[in-house]
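Protein chains in written order, with the working numbering: chain A, 1 to 276; chain H, 1 to 276.
It is worth saying that the hints were derived from the structure and are not from the lab.
Certain hints may be false.
Stated by the list, open to error - Listed below are the simulated BS3-like cross-link pairs for lysine-lysine, each with C-alpha atoms no more than 25 Å apart in a straight line:
#: 1; chain 1: A; residue 1: K198; chain 2: H; residue 2: K157
#: 2; chain 1: H; residue 1: K157; chain 2: H; residue 2: K171
#: 3; chain 1: H; residue 1: K157; chain 2: H; residue 2: K198
#: 4; chain 1: A; residue 1: K171; chain 2: H; residue 2: K198
#: 5; chain 1: H; residue 1: K198; chain 2: A; residue 2: K157
#: 6; chain 1: A; residue 1: K171; chain 2: A; residue 2: K137
#: 7; chain 1: A; residue 1: K70; chain 2: H; residue 2: K157
#: 8; chain 1: A; residue 1: K157; chain 2: A; residue 2: K171
#: 9; chain 1: A; residue 1: K157; chain 2: H; residue 2: K171
#: 10; chain 1: A; residue 1: K137; chain 2: H; residue 2: K70
#: 11; chain 1: A; residue 1: K171; chain 2: A; residue 2: K198
#: 12; chain 1: A; residue 1: K157; chain 2: H; residue 2: K157
#: 13; chain 1: H; residue 1: K137; chain 2: A; residue 2: K70
#: 14; chain 1: A; residue 1: K27; chain 2: A; residue 2: K70
#: 15; chain 1: H; residue 1: K171; chain 2: H; residue 2: K137
#: 16; chain 1: H; residue 1: K70; chain 2: H; residue 2: K27
#: 17; chain 1: H; residue 1: K157; chain 2: H; residue 2: K137
Claimed, not checked - To list a few chain A residues with every Cβ distance to chain H over 10 Å, as calculated:
#: 18; residue: A30
#: 19; residue: P83
#: 20; residue: R94
#: 21; residue: N136
#: 22; residue: T145
#: 23; residue: S177
#: 24; residue: Q180
#: 25; residue: S194
#: 26; residue: P201
#: 27; residue: G250
Ideal Cβ placement from N, Cα and C applies to all residues, glycine included.
Spelled out from the first residue to the last, the chains are:
Number of protein chains: 2
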Amino acid sequence: MTRAELVRHIFQRRSYLCVGLDTDPAKIPAHLRSHPDAIFEFNRQIIDATLPYCVSYKINTAFYEALGVKGWEIMARTADYIPGSHFKIADAKRGDIGNTSAQYARAFFESMNFDAVTVAPYMGADSIRPFLEFTNKWTILLGLTSNAGAADFEMLKLAGGDHVYEQVIRKASGWGSPEQLMFVIGATKAEEFSNIRKLAPDHFYLVPGVGAQGGDLAEISNRCMTSDCGLLVNASRAVIYASGGEDFAGQAASVAAGYQKDMDIYLPANSSSQLA
Amino acid sequence: MTRAELVRHIFQRRSYLCVGLDTDPAKIPAHLRSHPDAIFEFNRQIIDATLPYCVSYKINTAFYEALGVKGWEIMARTADYIPGSHFKIADAKRGDIGNTSAQYARAFFESMNFDAVTVAPYMGADSIRPFLEFTNKWTILLGLTSNAGAADFEMLKLAGGDHVYEQVIRKASGWGSPEQLMFVIGATKAEEFSNIRKLAPDHFYLVPGVGAQGGDLAEISNRCMTSDCGLLVNASRAVIYASGGEDFAGQAASVAAGYQKDMDIYLPANSSSQLA
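This is chain A alone, in the form it adopts within the complex (with noise of 0.2 Å):
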């Protein structure tokens, strides 16, 4: 997917929503968990019902890679489900030298047809080239994340002024255009957004934390939204889980309904590239 089809339709369908798979056999409805394909099933009944309240999908592989070669074959047959309406992310946090990397890019952009994977940033620039050399495809990099192991090595302050994960994007920012390459920025780190966001004006942040790890929409849309939006906002747990009854699907739609209608609110009455 090109970036002016990702911003197409986020100003057409008034979201900029991420709906995260990240199922778990022990999380899902009881009612589901006889079915001869449960993980498939919930993933099914949760894309069918939330797909006008999101522009996106986030399989994070290792909820699949932990039920073995069966979960590997689920976690394909999901990216399949989704429609190329949707822009497909394997959260799969990748990154290796690069003759490695490019079979970790062949996995997900061939073997299976994802339109981004998260890369961790760790090892530099030959690790992540192999990623940025698909074309329409895309290379969500680690920046500043949620949790609080990121006060370990992301926050430490560099001889230069920066934090590390500042040099991440300042550096990586001229590795890929805003056309191929996004950035994750957890979104329980608002304090920083209006900084991160001069870091790199043009590119798309991936925000997660939104929902059960406590991040606040309103805030990060204030301090980091572009005039082409700039931002995908990740909800795993706060939508999939919203119900453990039967009525699990419906409640998920309700639940992302309501992050959608307050994303219409943030969002510009119409895109830049529109006007343009």
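We have chain A; now place chain H onto it with these hints.
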């Protein structure tokens, strides 16, 4: 596998070689390509031939993920095939928020029976702890990697004086004991090795980058070996692609035997734990 068992294998076999199974369908010998189970068959023959000369195998998950569901199945089967006498590493470079890292740990330690998994440090303590909670399982954290991109972030100087990678090793060596935590230190960084050994004097280091990437086994061993060895040195391409002919397994064994012969010279006669 416990540390004592690993050390015993090293001194009995007089080897601290890890063979990296970065198996690429495009690089396996021509005569195997029509085999209905070519990748597994290649791995099986490499393992059978190199067992006497190494103490560990490292499966590079990317190469299997690139093949889709079938690849994940071959990875699981290869891990099963490696005997309990050899330390099984999933070179996966995972790491995410706590509840997600816990799922990755389940994938590699429960769904598959790896002894160890490589983990990226960027997201800090709570992204690493879930791996450390498993008994007799190992977390191998990226310290200083072998690629050029190590200069981008790992080698940045912090305000406190350390390089980023030094701070990673210093902090993380307090999170996991030498019975459960190792660090990845690239062989191409041999000039840093004496200093790095001071940062974590008792932890094992997994050292990739010998062979195809050009690292020097003698220099690494001289600068960084402990009385219990404290090193696993990995070679991947140099061993498994030693020959593209029908003799590939025999040639792989020859290269592995060559490393073992050198390692026998660098290893002390007995480990300090045997003497104790």
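Outcome of the hint check:
no., hint, verdict
1, K198/A x K157/H, "holds, 23 Å"
2, K157/H x K171/H, "holds, 16 Å"
3, K157/H x K198/H, "holds, 18 Å"
4, K171/A x K198/H, "violated, 31 Å"
5, K198/H x K157/A, "holds, 23 Å"
6, K171/A x K137/A, "holds, 20 Å"
7, K70/A x K157/H, "violated, 44 Å"
8, K157/A x K171/A, "holds, 16 Å"
9, K157/A x K171/H, "holds, 15 Å"
10, K137/A x K70/H, "holds, 24 Å"
11, K171/A x K198/A, "holds, 13 Å"
12, K157/A x K157/H, "holds, 9 Å"
13, K137/H x K70/A, "holds, 24 Å"
14, K27/A x K70/A, "holds, 18 Å"
15, K171/H x K137/H, "holds, 20 Å"
16, K70/H x K27/H, "holds, 18 Å"
17, K157/H x K137/H, "violated, 32 Å"
18, A30, "holds, 21 Å"
19, P83, "holds, 21 Å"
20, R94, "violated, 7 Å"
21, N136, "holds, 19 Å"
22, T145, "violated, 5 Å"
23, S177, "holds, 18 Å"
24, Q180, "holds, 18 Å"
25, S194, "holds, 23 Å"
26, P201, "holds, 22 Å"
27, G250, "holds, 25 Å"
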